[in-house]
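Participant: Turn these sequences into a full structure, and let the hints steer you where they fit.
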Amino acid sequence: MIDNQTENELIKDVQNGNLNAFEHIISDYQKPIFKAINGMVANYEVAKDLTQDTFFKAFEKIDQFQFRSKFSTWLFRIAYNAAKAHLITNTNKARLNEKYITEETLITYAENTLESIEDLRMIYKALDQVDPQFKGALILYCINNISYEEIAEIIDVPMGTVKSRIYRGKQQLIELLPECIKETHLHR
Numbered sequence: 002m003i004d005n006q007t008e009n010e011l012i013k014d015v016q017n018g019n020l021n022a023f024e025h026i027i028s029d030y031q032k033p034i035f036k037a038i039n040g041m042v043a044n045y046e047v048a049k050d051l052t053q054d055t056f057f058k059a060f061e062k063i064d065q066f067q068f069r070s071k072f073s074t075w076l077f078r079i080a081y082n083a084a085k086a087h088l089i090t091n092t093n094k095a096r097l098n099e100k101y102i103t104e105e106t107l108i109t110y111a112e113n114t115l116e117s118i119e120d121l122r123m124i125y126k127a128l129d130q131v132d133p134q135f136k137g138a139l140i141l142y143c144i145n146n147i148s149y150e151e152i153a154e155i156i157d158v159p160m161g162t163v164k165s166r167i168y169r170g171k172q173q174l175i176e177l178l179p180e181c182i183k184e185t186h187l188h189r
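Residue 72 in the working numbering sits at position 71 of the sequence shown, and the numbers go up by one each step.
For the record, the hints were derived by calculation from the structure and aren't laboratory data.
Every residue, glycine too, gets a C-beta built ideally from N, C-alpha and C.
Careful: at least some of the hints might be erroneous.
[Stated by the list, open to error] Derived DSSO-like pairs (lysine-lysine); straight-line CA-CA distance at most 27 Å: (1) Lys36 <-> Lys49; (2) Lys85 <-> Lys171; (3) Lys62 <-> Lys171; (4) Lys36 <-> Lys58; (5) Lys62 <-> Lys85; (6) Lys13 <-> Lys58; (7) Lys85 <-> Lys126; (8) Lys36 <-> Lys62; (9) Lys126 <-> Lys62; (10) Lys71 <-> Lys164; (11) Lys36 <-> Lys85.
[What the hints assert, rightly or not] Using C-beta positions, here's what the derived DEER-type ranges look like: (12) Cys143 <-> Ser70: 19 to 27 Å; (13) Gln130 <-> Glu10: 39 to 47 Å; (14) Gly18 <-> Lys171: 39 to 47 Å; (15) Ile3 <-> Arg69: 18 to 26 Å; (16) Gln16 <-> Lys126: 19 to 27 Å; (17) Arg122 <-> Ile89: 20 to 28 Å; (18) Lys171 <-> Asn91: 39 to 47 Å; (19) Ile89 <-> Ser165: 33 to 41 Å; (20) Asn17 <-> Arg122: 40 to 48 Å; (21) Asn19 <-> Ser70: 16 to 24 Å; (22) Asn21 <-> Pro179: 45 to 53 Å; (23) Pro159 <-> Glu46: 31 to 39 Å.
Facilitator: This is how it looks when you write it as structure tokens:
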């Protein structure tokens, strides 16, 4: 990740018409934005499209960024809103269909702590069943390591609401996970 000063300089360059500067921003944020969106929509191809849309919208509206918040917060809000709009308009909304669990999607979340793709598949299925109201905050916090304060700005709710949604999302996820997964991954 680039430091805030360099990032702000890049943003000013983009606002002044330098397209190459925006490529640096994309390369810095593409993976975390994709992870957040993919976690919400649970569809690799849709997540790729929404990630691209996020950067397109950010580029279109870069002149509106006024440096009052962190750029990452502003960008994640665009991504969050794109994923949320997709879920609202999509007929199967937040339910994960087995055909969407591709190896590419699973590899995106593969961590050294997970012992098998099957464990990851079960975790992903359980995450998909978490109430969408809690799921967005949970993904931003657990997968993207975004602070409570930034999540509050991204999803436009008070910080107490963010903490509550993350807590409730974790509780739902724990209830939905098979016992063998809880023992293996939650008690380390």
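Participant: It remains to establish, for every hint, whether it holds in the given structure.
Facilitator: We went through each hint and held it up to the structure:
1. Lys36 <-> Lys49: holds, 10 Å
2. Lys85 <-> Lys171: holds, 20 Å
3. Lys62 <-> Lys171: violated, 34 Å
4. Lys36 <-> Lys58: holds, 18 Å
5. Lys62 <-> Lys85: holds, 19 Å
6. Lys13 <-> Lys58: Measuring from Cα to Cα gives roughly 17 Å; hence the hint holds.
7. Lys85 <-> Lys126: Between lysine 85 and lysine 126 the Cα gap is close to 19 Å, so the pair holds against 27 Å.
8. Lys36 <-> Lys62: Since the Cα atoms of lysine 36 and lysine 62 sit roughly 22 Å apart, the hinted pair holds (cutoff 27 Å).
9. Lys126 <-> Lys62: violated, 35 Å
10. Lys71 <-> Lys164: holds, 20 Å
11. Lys36 <-> Lys85: It holds: about 14 Å lies between the C-alpha atoms, which stays within 27 Å.
12. Cys143 <-> Ser70: 19 to 27 Å: holds, 22 Å
13. Gln130 <-> Glu10: 39 to 47 Å: At roughly 43 Å between Cβ atoms, glutamate 10 and glutamine 130 fall inside 39 to 47 Å, so the hint holds.
14. Gly18 <-> Lys171: 39 to 47 Å: holds, 45 Å
15. Ile3 <-> Arg69: 18 to 26 Å: holds, 19 Å
16. Gln16 <-> Lys126: 19 to 27 Å: violated, 43 Å
17. Arg122 <-> Ile89: 20 to 28 Å: With a Cβ separation near 26 Å, arginine 122 and isoleucine 89 satisfy 20 to 28 Å, so the hint holds.
18. Lys171 <-> Asn91: 39 to 47 Å: For lysine 171 and asparagine 91 the Cβ distance comes to about 25 Å; the hint is violated.
19. Ile89 <-> Ser165: 33 to 41 Å: violated, 22 Å
20. Asn17 <-> Arg122: 40 to 48 Å: holds, 47 Å
21. Asn19 <-> Ser70: 16 to 24 Å: Since the Cβ atoms of asparagine 19 and serine 70 sit about 22 Å apart, the hinted range of 16 to 24 Å holds.
22. Asn21 <-> Pro179: 45 to 53 Å: holds, 49 Å
23. Pro159 <-> Glu46: 31 to 39 Å: Holds, since proline 159 and glutamate 46 (Cβ atoms, about 35 Å apart) stay within the stated range.
This entry does not satisfy hints 3, 9, 16, 18, 19, going by the numbered hints stated previously.
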